[in-house]
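Using the sequences plus the hints, can you model the full thing?
First to last, the sequence lines map onto chains H and Y.
Per our numbering, residue 1 is the first one in the first sequence, and the count goes up by one each step.
Per our numbering, residue 1 is the first one in the second sequence, and the count goes up by one each step.
Just so you know, not all the hints are guaranteed correct.
Stated by the list, open to error - Calculated lysine-lysine pairs in the DSS-like style (CA-CA distance at most 25 Å, straight line):
1) Y:K106 x Y:K119
2) Y:K293 x Y:K477
3) H:K52 x Y:K127
4) Y:K285 x Y:K377
5) Y:K119 x H:K52
6) Y:K291 x Y:K402
7) Y:K293 x Y:K377
8) Y:K291 x Y:K477
9) H:K52 x H:K303
10) Y:K262 x Y:K521
11) Y:K402 x H:K303
12) Y:K402 x H:K52
To be verified - Residues from chain H that keep clear of chain Y, each with C-beta distances beyond 12 Å, as calculated:
13) L16
14) G20
15) F23
16) Q30
17) S69
18) R126
19) G135
20) F136
21) I189
22) G195
23) A241
24) A244
25) G279
26) L301
27) D334
28) R336
Said to hold, decoys possible - If we take Cβ atoms under 10 Å as the criterion, some of the chain H residues that face chain Y in the derived model are:
29) D35
30) P45
31) A47
32) I50
33) A99
34) G127
35) S128
36) W129
37) A158
38) Q159
39) P179
40) A288
If you're looking for bench data, these hints aren't it; they were derived computationally from the structure.
All C-beta atoms in this analysis are idealised placements derived from N, C-alpha and C, irrespective of residue type, glycine included.
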Amino acid sequence: MGLGRYLLRRLALSALVVLGVTFLVFVAAQVVPSDPAALYAGPRPTAAQIEKARAELHLDAPLPERFASFAVAMASGDFGVSYKSRRPIAQDLRAYLPATLELAAVSTLLALIIGIPAGAMSAARRGSWFDRAGGFGAIAAVAMPTFFLAMLLQAIFAQSLGLLPLSGRLSREIAISAPLETVTGFTLIDAVLAGRFDVLRDAAAHLILPALTLAAYPAGIAMRLTRSAMIEILGRRHILAVRALGLSPARILFGHALPNAICPALTILGLSFAYALTGAVLVEIIFAWPGLGRYVSEAVLSKDFPVIAAATFVVTLCYVAMNLVLDLVQALLDPRVALQ
Amino acid sequence: MKRRDVLKSAGLAGFAFLAPSAWTIAVAQDGSRILTLANPTGFPDLDPSTSFSNDGLVLANVYEGLTRYIPGSGDTPAKVEPVLAESWTTSEDGLTWTFTLRQGVKFHDGTDLTAAAVKGAIERTMKIGGGAAFIWGAVTGIEAPDPQTVVITLSSPQPLDMIAAAGFAAWIISPAAQAQDSAWFNAGNDGGTGPFRIDSYEPGQRVIASRFADHWAQAPDGGFDKVSFEVVEDSVLAQNMLEGGQADWTYGLPYDNLESLKANPDLTVVSNPSFETLFGLYNTKRAPLDKVKVRQALSLAFPYDDVISAGTAGLGSRAYGVLPQGIWGHDPDAPIPNTDLEAARALLAEEGVTSLDLTMTYATSDPLEQVAGELWKANLEQLGINLTLQPMAWEAQWEMAKADPAAAQDIFVMYWWPTYVTPYDYLVSLFRSEEAPNYNLGYYANPEVDALIDSGATLAGTDRAGAEAAFKAAQRKIVEEAAAVFILDKPNIHVTRADLQGYVDNPAYGHVVFADSLSRKG
Chain H
1 MGLGRYLLRR LALSALVVLG VTFLVFVAAQ VVPSDPAALY AGPRPTAAQI
51 EKARAELHLD APLPERFASF AVAMASGDFG VSYKSRRPIA QDLRAYLPAT
101 LELAAVSTLL ALIIGIPAGA MSAARRGSWF DRAGGFGAIA AVAMPTFFLA
151 MLLQAIFAQS LGLLPLSGRL SREIAISAPL ETVTGFTLID AVLAGRFDVL
201 RDAAAHLILP ALTLAAYPAG IAMRLTRSAM IEILGRRHIL AVRALGLSPA
251 RILFGHALPN AICPALTILG LSFAYALTGA VLVEIIFAWP GLGRYVSEAV
301 LSKDFPVIAA ATFVVTLCYV AMNLVLDLVQ ALLDPRVALQ
Chain Y
1 MKRRDVLKSA GLAGFAFLAP SAWTIAVAQD GSRILTLANP TGFPDLDPST
51 SFSNDGLVLA NVYEGLTRYI PGSGDTPAKV EPVLAESWTT SEDGLTWTFT
101 LRQGVKFHDG TDLTAAAVKG AIERTMKIGG GAAFIWGAVT GIEAPDPQTV
151 VITLSSPQPL DMIAAAGFAA WIISPAAQAQ DSAWFNAGND GGTGPFRIDS
201 YEPGQRVIAS RFADHWAQAP DGGFDKVSFE VVEDSVLAQN MLEGGQADWT
251 YGLPYDNLES LKANPDLTVV SNPSFETLFG LYNTKRAPLD KVKVRQALSL
301 AFPYDDVISA GTAGLGSRAY GVLPQGIWGH DPDAPIPNTD LEAARALLAE
351 EGVTSLDLTM TYATSDPLEQ VAGELWKANL EQLGINLTLQ PMAWEAQWEM
401 AKADPAAAQD IFVMYWWPTY VTPYDYLVSL FRSEEAPNYN LGYYANPEVD
451 ALIDSGATLA GTDRAGAEAA FKAAQRKIVE EAAAVFILDK PNIHVTRADL
501 QGYVDNPAYG HVVFADSLSR KG
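Listed below in structure tokens is the structure:
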């Protein structure tokens, strides 16, 4: 089976996953006891307002009819309005999703460039001080509670050293004196597009602490996984062969051994990226990061189903896309994957 | 230079690139003065017609209503102050209200405030019918006979001057903005007349507003040019920002931290009574809580002072019935019970109650309600009563209470605060008999109380003293019959930077800062 067919199969599977999730969300919305009309009618509605809301939302329509309109809304990207705030959900997602994607992407990148090389080096110098320190660091990074690490970083880099901002995504200074025009919603990209290097600097500074906090766990895991996979690979005969051919240790390590050992770590990083899309609530709250996690957790607490459904749908899409990319990368790195 | 050195200097240069002079600002580069408010919640809806949440902090600085409520304090009685309306009169039957508008008021888009604009704004709010639009429920018609005069007719007498002062659904919007939908407002646009106008809105992060140069009132000397409404959900972060001078105002910090905050010379802790009152409604439909004496006994067993000291660091105040102080109709002489376990035991014995299992529902993650429940439970145990504390999400707690009184909770603990300042809002919502329960979740039904509430409501538009007497009489009856345990009136605690001048709390608007009147010392 070639790479093309492999890709097609993965795509078909992905579509099934998205459809299944959409259906499950709709079913969950019917099963969980809550009154959408009461929510839609406002924080302290009168009985008359609730009845009016029920009519407006067509909540008395038959179930198949409601699933049909729900599925159409999801597919067209018009997610309707939030029951709680009555704001168009698509508008909210455009604001919150880029903030989250930016944070998740930077933190995954950090985890990648810290975790994988460090794991490879540890394996190459097994038993050295680097290996031991790395092992300790990885366990500390994995074991430390997120909120504690977040506050520790804030205390050191923001409050005592004053090197980095305490919280937020951009300084008030910028929002007040010269706001950045929103094009993509990704501050880093928008800053470059606008040629605003002051904003780029500011956005990068704001990203460092939350991204480091989020990166700690996946970086630690990726490092341990890479290390153990590398130790196994380094003991194989083809490594002995290339060593005999006289290649430099760095080329052996990163050119020949690492591509064979990288797959488990990549999988973990891909999953942790997807997890960060909604799972970074604590980090988002502590750093006042205007991300999807906070938005969704609020919706979950108030059972605001259109928001939950839209967010689930979008996150599923990101998740599926991420997995697809990972599968592709793995298939490119290791042709055997596509053949299975 | 060795490679390692190059790397080292590159790293240092990177840090220098990232390290700005300071992350705190009170004055922008162009010299404008900035006020920063750290709000513990987001601003979910900036549409002034439907907003019914914590957006009030922003909207009250951007929009204005016809009037504003100023609570009484000490010997000064509460009053309704003119804002966009300069004066108003009411007909003898209280059904026709005529407002004369202030001259020379401009909307942020440059158009003039006219009677037609006021009519259109209120009609937009009524037509959408979301949020607190029900405050206009009695309005049957709005006329604009000339550009300065608005005539509103009602189906029943109402205190329309107070309704127009509401913190929700009473904002006046420009004609151009009236044609817009919710998405337009929530993209950071506004159509108000207020002292500030919205520059930008970053959802989940902040709203930036700057002073409106053509505002009808003169800005105070040294007043702020910009206001940054920051969303800071984490109370630790909010406290850090305040201590570090990155924010000027916040609320919602834990009571336990207040002592150390008070000791900080850079900060001021402002504590005031609020209009928010905490109580537990007894399920009057279920035996033995249908007996007045049993309910009285439970109220006698409630540890009022302990809850105030343990739950609010001593800053809350005893509730005299359901109407907090500062609201007209508040009754400082109401016959409220004091904790007395022996008296409670005697009352229970009279009704032959020796053991009892009760369930109290309250909001998950509300520490004050939890403390109240736990301390009460301890007292009740001594009387042979077992109180089960059932924390629930508000939606679930409310659904259960509305469904079937016979299967519902025994005690429903909740807060109430007024949508607009009137005793009627508290009394009619919580204690007037309802066929299908909505907020009368103790299912209390007393024709005498109903009649008193209704007569108070009828008189409220024309004879405020008579209305107050009727509301007080209704409340006396409710307190005597122990329809609820009146736990406490919540304190409003705000922490500000010490150099902030002119800060006054107005509990009628909850956690709202009127930024217009503030300035910074020095």
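Cross-check of the supplied hints:
1. Y:K106 x Y:K119: holds (16 Å)
2. Y:K293 x Y:K477: Holds, because 14 Å separates the two Cα atoms, which is no more than 25 Å.
3. H:K52 x Y:K127: holds (12 Å)
4. Y:K285 x Y:K377: The hint holds at about 22 Å.
5. Y:K119 x H:K52: holds (23 Å)
6. Y:K291 x Y:K402: holds (21 Å)
7. Y:K293 x Y:K377: Holds. Y:K293 to Y:K377 sits at ~19 Å (cutoff 25 Å).
8. Y:K291 x Y:K477: Holds. Y:K291 to Y:K477 sits at ~15 Å (cutoff 25 Å).
9. H:K52 x H:K303: holds (19 Å)
10. Y:K262 x Y:K521: holds (19 Å)
11. Y:K402 x H:K303: holds (18 Å)
12. Y:K402 x H:K52: holds (18 Å)
13. L16: holds (33 Å)
14. G20: holds (27 Å)
15. F23: holds (24 Å)
16. Q30: Nearest chain Y Cβ is 15 Å from H:Q30, so the label holds.
17. S69: With a cut-off of 12 Å, H:S69 remains clear of chain Y, as the shortest Cβ separation is near 20 Å.
18. R126: holds (24 Å)
19. G135: holds (24 Å)
20. F136: Consistent with the label, H:F136 stays out of reach of chain Y, its closest Cβ about 23 Å off (over 12 Å).
21. I189: holds (16 Å)
22. G195: Its Cβ never comes within 12 Å of chain Y, the nearest being 17 Å, so this holds.
23. A241: holds (31 Å)
24. A244: Check passes; 29 Å lies beyond 12 Å.
25. G279: holds (17 Å)
26. L301: violated (7 Å)
27. D334: holds (32 Å)
28. R336: Non-interface label stands for H:R336: nearest chain Y Cβ at 38 Å, farther than 12 Å.
29. D35: Nearest chain Y Cβ about 6 Å off; hint holds.
30. P45: At about 8 Å, which falls below the 10 Å cut-off, the nearest Cβ of chain Y leaves the hint on H:P45 intact, so it holds.
31. A47: holds (5 Å)
32. I50: Cβ of H:I50 sits 8 Å from chain Y, so the hint holds.
33. A99: holds (8 Å)
34. G127: violated (24 Å)
35. S128: violated (19 Å)
36. W129: violated (18 Å)
37. A158: Since the shortest Cβ distance to chain Y is 7 Å, the answer is holds.
38. Q159: Where the cut-off is 10 Å and the nearest Cβ of chain Y is about 7 Å from H:Q159, the hint holds.
39. P179: H:P179 check passes; min Cβ-Cβ to chain Y is 5 Å, inside 10 Å.
40. A288: For H:A288, the interface hint holds, since the closest Cβ of chain Y sits about 5 Å away, which is under 10 Å.
In summary, the structure is inconsistent with hints 26, 34, 35 and 36 from the numbered list given earlier, while agreeing with the others.
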